[in-house]
Structure formats: C-alpha cells, structure tokens
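Peer 1: Given next are the chains, with one letter for each unit.
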Amino acid sequence: QKEVEQDPGPLSVPEGAIVSLNCTYSNSAFQYFMWYRQYSRKGPELLMYTYSSGNKEDGRFTAQVDKSSKYISLFIRDSQPSDSATYLCAMSVPNTGFQKLVFGTGTRLLVSP
Amino acid sequence: DSGVTQTPKHLITATGQRVTLRCSPRSGDLSVYWYQQSLDQGLQFLIQYYNGEERAKGNILERFSAQQFPDLHSELNLSSLELGDSALYFCASSPHSGETQYFGPGTRLLVL
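Going down the list, the sequences are from chains Y and X. Taken in order, the first sequence gives residues 1 to 113; the numbers are from my numbering. Taken in order, the second sequence gives residues 1001 to 1112; the numbers are from my numbering.
To be clear, the hints were calculated from the coordinates, so they are not data collected in a lab. In this text, a Cβ means the ideal position worked out from N, Cα and C, and glycines have one as well. Among the hints, erroneous ones may be present.
Quick list of in silico lysine-lysine cross-link-like pairs, PhoX-like style, CA-CA up to 25 Å [as the list claims (entries may be wrong)]:
hint : chain 1 : residue 1 : chain 2 : residue 2
1    : X       : Lys-1057  : Y       : Lys-100
2    : Y       : Lys-100   : Y       : Lys-2
3    : X       : Lys-1009  : Y       : Lys-67
4    : Y       : Lys-2     : X       : Lys-1057
5    : Y       : Lys-100   : Y       : Lys-70
6    : Y       : Lys-70    : Y       : Lys-56
7    : Y       : Lys-100   : Y       : Lys-42
8    : Y       : Lys-70    : Y       : Lys-2
9    : Y       : Lys-67    : Y       : Lys-2
10   : Y       : Lys-67    : Y       : Lys-100
11   : X       : Lys-1009  : Y       : Lys-42
12   : Y       : Lys-56    : Y       : Lys-100
What follows is a list of derived Cβ distance ranges for each label pair [claimed, not checked]:
hint : chain 1 : residue 1 : chain 2 : residue 2 : range
13   : X       : Ala-1014  : Y       : Gly-59    : 27 to 35 Å
14   : X       : Glu-1075  : Y       : Val-93    : 22 to 30 Å
15   : X       : Gly-1058  : Y       : Gln-1     : 17 to 25 Å
16   : Y       : Arg-77    : X       : Glu-1053  : 23 to 31 Å
17   : X       : Gly-1028  : Y       : Gly-9     : 35 to 43 Å
18   : X       : His-1073  : Y       : Pro-94    : 22 to 30 Å
19   : Y       : Ser-69    : X       : Ile-1060  : 32 to 40 Å
20   : Y       : Pro-14    : X       : Glu-1075  : 39 to 47 Å
21   : Y       : Asp-66    : X       : Gln-1017  : 44 to 52 Å
22   : X       : Leu-1061  : Y       : Tyr-39    : 22 to 30 Å
Which residues of chain X face chain Y? A partial, calculated answer using Cβ under 8 Å [to be verified]:
hint : residue
23   : Arg-1018
24   : Leu-1043
25   : Phe-1045
26   : Gly-1052
27   : Ala-1056
28   : Phe-1064
29   : Phe-1090
30   : Thr-1100
31   : Phe-1103
32   : Gly-1104
33   : Pro-1105
34   : Gly-1106
Here chain Y stands alone, though its shape is the one from the complex (with noise of 0.2 Å):
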C-alpha cells in the first residue's frame, strides 16, 4: 500500500463546476499537507499549504484536512478552463531542516468550456 493514495482521473468537468480532489495517506505522523498544481510538461507549482487539521481558503481554493479520517481535499470552485492540469497532494512529517515530500500520483482535471 502506497503511502499517499491519490485517483489518477482525468476528471472532466464543465466550466463553472465546482470540482473536489481528494487524497488519502496512512501516515497519522504527517503534519504538513501540500497541493500544487503541474501544467503538462512544466514544474509543480505550490497551490495551498496547510499545517495539522482544518481548512484554508485562497480565492477559488479551499483545502481541507480531516486527520482523524487521514483524508485531504483541495476545491475548486467556478472552474476554469485555464485550471486543466494535473494536481498532486503531498506531505510530509515536521522535521527542522529537512522534509520529504510524499506526493500523490496525481488527479489530471480537465475543464471544458
């Protein structure tokens, strides 16, 4: 069993759609939990950063942390074309200095309009 379980998709929706992510993990020691964001072919870049349990929002964004249930969500709502590409949830346990990243495998979205 992989640490960091994430459905591949593609995931299609239309423009406008409010769109859910989810990943699950089976380390409880996680603490820190990441969603970026990989455009074909281009480097991941760092959508929302979420420390312990909780929510977060950042405009259209909002990610959720259940630990109790070791579930992530990343939401996406009025979604645009623009936001096809591919989404990868990591994480990774406190360690001053040095932190692993375990990524999931990622969840390819593709918005039409």
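Place chain X on chain Y using the hints.
Peer 2: Frame of chain Y; chain X shown alone:
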C-alpha cells in the same frame, strides 16, 4: 515564476554518456532537493542538500550524484546513462524551516 532556475531545459544524449543538470535555488533558500518524474513513477525524491551538505537520500541510483556549492547552486550528475533514465528532473528549494518546497521548471532528459 517560483524563483528556482534550472538549466538546460532540454537535453538529448546517448546511452552510456554523462550529463550535468544545474539548479539555482530561490534567494535565501538553503535547501535544494532533486526529483525525478517519469510517466510511470510519478515524482520520486532523489536527494537533498542543506547549505552545502548532503542531508537526505531517496531513490537515487549509484550512477547519479549531486553537490551543492558555496553559492548554494546545485548540480546533479547522471552517468552511464540508460534509456530508462529519460525523465523530467526537477529541482526544488525551501526556506530554512523546510515547511514548503518551490519547484523549478525542470530539465527534460531524453536518452537515445
């Protein structure tokens, strides 16, 4: 733009050859991480350097090596290249706290 730069953008070489990939971290970041991304493996952590010293190793082959220089730029050396080494290689950097990582645009390596 993350502030992390990588050169070259593309590299085409032959099996058995050696190449060097270069990374400059964001201003002020002391940690540099190297990752390999292939279609069937996702993002795989290779190695981390912190202020010139190797801090952690991941799934890095013995044919691969890296170093971080006093000016904090880093180089990843890949030798005796095989077809399976064809992949995207990313560098990331993080602040001292190490809570987040910022990725560069990557180097696409094609081994023929």
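Peer 1: Now tell me if each hint is right for this structure.
Peer 2: Hints and how they fare:
Of the supplied pair hints, the one linking Lys-1057 of chain X and Lys-100 of chain Y holds, its CA atoms being roughly 10 Å apart against a limit of 25 Å. Among the hinted pairs, Lys-100 of chain Y with Lys-2 of chain Y is consistent with the structure: their alpha-carbon atoms are about 15 Å apart, no more than 25 Å. At most 25 Å may separate the alpha-carbon atoms for a hinted pair to count; Lys-1009 of chain X and Lys-67 of chain Y exceed this at roughly 39 Å. The hinted pair formed by Lys-2 of chain Y and Lys-1057 of chain X meets the criterion: a straight-line CA distance of about 19 Å does not exceed 25 Å.
With a CA separation close to 18 Å, the supplied pair Lys-100 of chain Y and Lys-70 of chain Y stays within the 25 Å bound. Between Lys-70 of chain Y and Lys-56 of chain Y the alpha-carbon distance is near 17 Å, which keeps this suggested pair within the 25 Å criterion. Proposed proximity of Lys-100 of chain Y and Lys-42 of chain Y is supported: the alpha carbons are some 21 Å apart, at most 25 Å. A distance of roughly 13 Å separates the Cα atoms of Lys-70 of chain Y and Lys-2 of chain Y; the hinted pair therefore holds under the 25 Å criterion.
Taking the CA atoms of Lys-67 of chain Y and Lys-2 of chain Y, the gap is near 17 Å; set against the 25 Å cutoff, the hint holds. For the hint linking Lys-67 of chain Y to Lys-100 of chain Y, the alpha-carbon distance of about 19 Å falls within 25 Å, and the restraint holds. Restraint check for Lys-1009 of chain X and Lys-42 of chain Y: the C-alpha separation of about 10 Å stays at or below 25 Å, so the hint holds. Distance restraint check for Lys-56 of chain Y and Lys-100 of chain Y: the Cα-Cα separation of roughly 22 Å lies within the 25 Å cut-off, and the hinted pair is therefore satisfied.
In this structure the hint that Ala-1014 of chain X and Gly-59 of chain Y lie 27 to 35 Å apart at CB is violated, the actual value being about 46 Å. One distance hint, 22 to 30 Å for the beta-carbon pair Glu-1075 of chain X and Val-93 of chain Y, holds here, with the actual separation near 28 Å. Hint check: Gly-1058 of chain X to Gln-1 of chain Y, Cβ distance near 19 Å, so the stated range 17 to 25 Å holds. For the pair Arg-77 of chain Y and Glu-1053 of chain X, the beta carbons lie near 44 Å from each other, so the given range of 23 to 31 Å is not met.
Our hint of 35 to 43 Å for Gly-1028 of chain X and Gly-9 of chain Y holds, since their Cβ atoms are close to 36 Å apart. A hinted range of 22 to 30 Å holds for the C-beta pair His-1073 of chain X and Pro-94 of chain Y, which are about 27 Å apart. In this structure the hint that Ser-69 of chain Y and Ile-1060 of chain X lie 32 to 40 Å apart at CB holds, the actual value being about 34 Å. In this structure the supplied range 39 to 47 Å holds for Pro-14 of chain Y paired with Glu-1075 of chain X, their Cβ-Cβ distance being about 46 Å.
With their beta carbons about 48 Å apart, Asp-66 of chain Y and Gln-1017 of chain X fall inside the hinted range of 44 to 52 Å. For the pair Leu-1061 of chain X and Tyr-39 of chain Y, the supplied restraint of 22 to 30 Å holds, since their beta-carbon distance comes to about 28 Å. This hint is violated: Arg-1018 of chain X has a C-beta 24 Å from the nearest C-beta of chain Y, more than the 8 Å allowed. Taking 8 Å as the C-beta cut-off, the interface hint given for Leu-1043 of chain X holds, the closest approach to chain Y being about 4 Å.
The interface hint given for Phe-1045 of chain X is met, as the beta carbon of that residue sits about 6 Å from the closest beta carbon of chain Y, less than 8 Å. The interface hint given for Gly-1052 of chain X is violated, since its Cβ lies 13 Å from the closest Cβ of chain Y, which is over the 8 Å cut-off. At about 5 Å, the closest approach between the beta carbon of Ala-1056 of chain X and any beta carbon in chain Y falls short of 8 Å, and the interface hint on this residue holds. Checking Phe-1064 of chain X against chain Y: minimum C-beta separation of about 17 Å lies over 8 Å; hint violated.
With a cut of 8 Å, the hint placing Phe-1090 of chain X at the interface with chain Y holds, because the nearest CB-to-CB distance is about 6 Å. Annotation: interface hint on Thr-1100 of chain X holds; nearest CB of chain Y at approximately 5 Å, less than 8 Å. Among the interface hints, the one on Phe-1103 of chain X holds; its C-beta lies about 4 Å from the nearest C-beta in chain Y, closer than the 8 Å criterion. Among the interface hints, the one on Gly-1104 of chain X holds; its C-beta lies about 5 Å from the nearest C-beta in chain Y, closer than the 8 Å criterion.
The restraint placing Pro-1105 of chain X at the interface with chain Y holds, with a minimum CB-CB distance near 5 Å, inside the 8 Å limit. With a least beta-carbon distance of about 5 Å to chain Y, the hint placing Gly-1106 of chain X at the interface is held under the 8 Å criterion.
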